[in-house]
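Could you build all of it, start to finish, from the sequences and the hints given here?
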Amino acid sequence: MKVLFWSPGLAHRQILDLLDPIDGIEVELVSGIDEFLGSLPDADFAILTDQPEAEARRILDAIERTAPRLIGMHFVSAGREGFDTVGIPGRLRVSGAAGASAPTVAEHAVALILAVGRQLAGSVLNQHAHIWDRAVGAQVRSLEGQTVLIVGHGAIGQAVGARVQSFGARVVGLQRRPRPAAGADELGSIADLDRYLPDADVVVLTAALVPETRSLIDATRIAALKPTALVVNVSRGGLMDHEALADALRAGRIWGAGLDVTEPEPLPADHPLWDAPNTIISPHYGLGGSPQTIQRIARGAADAVIAALGSLGEASTSA
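With our numbering, the residue at position 235 of the sequence shown is 446, and numbering never jumps.
Keep in mind that the hints were calculated from the coordinates and are not lab data.
Just so you know, not all the hints are guaranteed correct.
[Unchecked claim] Below, simulated SDA-like cross-link-like pairs (lysine to any residue); rule was C-alpha separation at most 25 Å, straight line:
| id | residue 1 | residue 2 |
| --- | --- | --- |
| 1 | 213 | 523 |
| 2 | 437 | 458 |
| 3 | 213 | 269 |
| 4 | 437 | 492 |
| 5 | 437 | 387 |
| 6 | 213 | 506 |
| 7 | 437 | 383 |
| 8 | 213 | 304 |
| 9 | 437 | 403 |
| 10 | 437 | 477 |
| 11 | 437 | 397 |
| 12 | 437 | 457 |
| 13 | 437 | 405 |
| 14 | 213 | 306 |
| 15 | 213 | 458 |
| 16 | 437 | 347 |
Rendered as structure tokens:
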């Protein structure tokens, strides 16, 4: 079975280490979309990361035209929004690393909540200026007793919920398809988002970016938030209207924001969010820093290859 592997950086070495001892596969490494497309006709399986919609369309068009052997794709990225927007052919086996990064991304979400809530950015600025100013302490907030609304209560959302519950927060988790889940005191539907927003002290976005969730938190919904609300996004920048967010922060209509993702990325140097008050922006590294996360991503890719290899074996046996 020929495995086409295009995953620059993310768990690259660890995936190769786990693929190496698997009998019956040949791994071809590619470093860009043109190489990927050129090698597709001979590939049985592909390991890759999500791509912007235009690139995803090129790949999926090529699969339909030139890759009859391809039986599946495994995404090492947490999401595959670009491909889902275009539409992956139903004949393909599709898997991904959606839950692998949950503990690490949840940790980053909580770090943003605490950093903004405890006014750490202001304290760091004062430290660099050698200023001891306890007035900063008058602005801090505790998570205890707060209502944290998690929009997208999947693996990452549940991990965020469990962590903020340990601080004494009450958690409301919203899902596109409500089902039993851990890490929440109350579960609801994203379809009822407007009912929950006015009561939220903290809103954490962990939903996947799909057509139904693009610009989910728009100007109207930002206006529905408390003036004391804190918004945190560790999922995809396209979930929010960033111009409306910047306007609300500058006008004091909401209290603060913690963003690990923006749209576009990188955030343009002249974007108003850079100077928005009580806002912390990190450049999309929420899943970093955890060897365990990288190993889970690698293990998931290897397991997907083994499963695909097994299905090919079953097909050849039944034939």
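Here's how the hints hold up against the structure:
With a C-alpha separation of about 11 Å, the suggested pairing of residue 213 with residue 523 holds against the 25 Å cut-off. This hinted pair checks out: residue 437 and residue 458 have alpha carbons roughly 15 Å apart, not beyond 25 Å. About 21 Å separates the Cα atoms of residue 213 and residue 269, which keeps this hinted pair within 25 Å; it holds. Restraint check for residue 437 and residue 492: satisfied, since their Cα atoms lie roughly 21 Å apart, inside the 25 Å limit.
Simply put, residue 437 and residue 387 have alpha-carbon atoms about 24 Å apart, close enough for the 25 Å limit, and the pair holds. Annotation: proposed proximity of residue 213 to residue 506 holds, straight-line Cα distance about 23 Å (limit 25 Å). For a cut-off of 25 Å, the pair hint linking residue 437 to residue 383 stands: about 16 Å separates their Cα positions. Taking the CA atoms of residue 213 and residue 304, the gap is near 15 Å; set against the 25 Å cutoff, the hint holds.
A threshold of 25 Å between alpha carbons decides the hint, and for residue 437 with residue 403 the separation of about 17 Å falls inside it, so the pair holds. Distance hint between residue 437 and residue 477 is unfulfilled; the C-alpha atoms sit about 29 Å from each other, more than 25 Å. Among the hinted pairs, residue 437 with residue 397 is consistent with the structure: their alpha-carbon atoms are about 20 Å apart, no more than 25 Å. A distance of roughly 15 Å separates the Cα atoms of residue 437 and residue 457; the hinted pair therefore holds under the 25 Å criterion.
At roughly 13 Å between alpha-carbon atoms, residue 437 and residue 405 fall within 25 Å of each other, so this suggested pair holds. For the given pair, residue 213 sits about 17 Å from residue 306 by alpha-carbon distance, which is consistent with the 25 Å threshold. With a C-alpha separation of about 51 Å, the suggested pairing of residue 213 with residue 458 is violated against the 25 Å cut-off. For the given pair, residue 437 sits about 22 Å from residue 347 by alpha-carbon distance, which is consistent with the 25 Å threshold.
The structure is inconsistent with the numbered hints 10, 15, although it conforms to all the rest.
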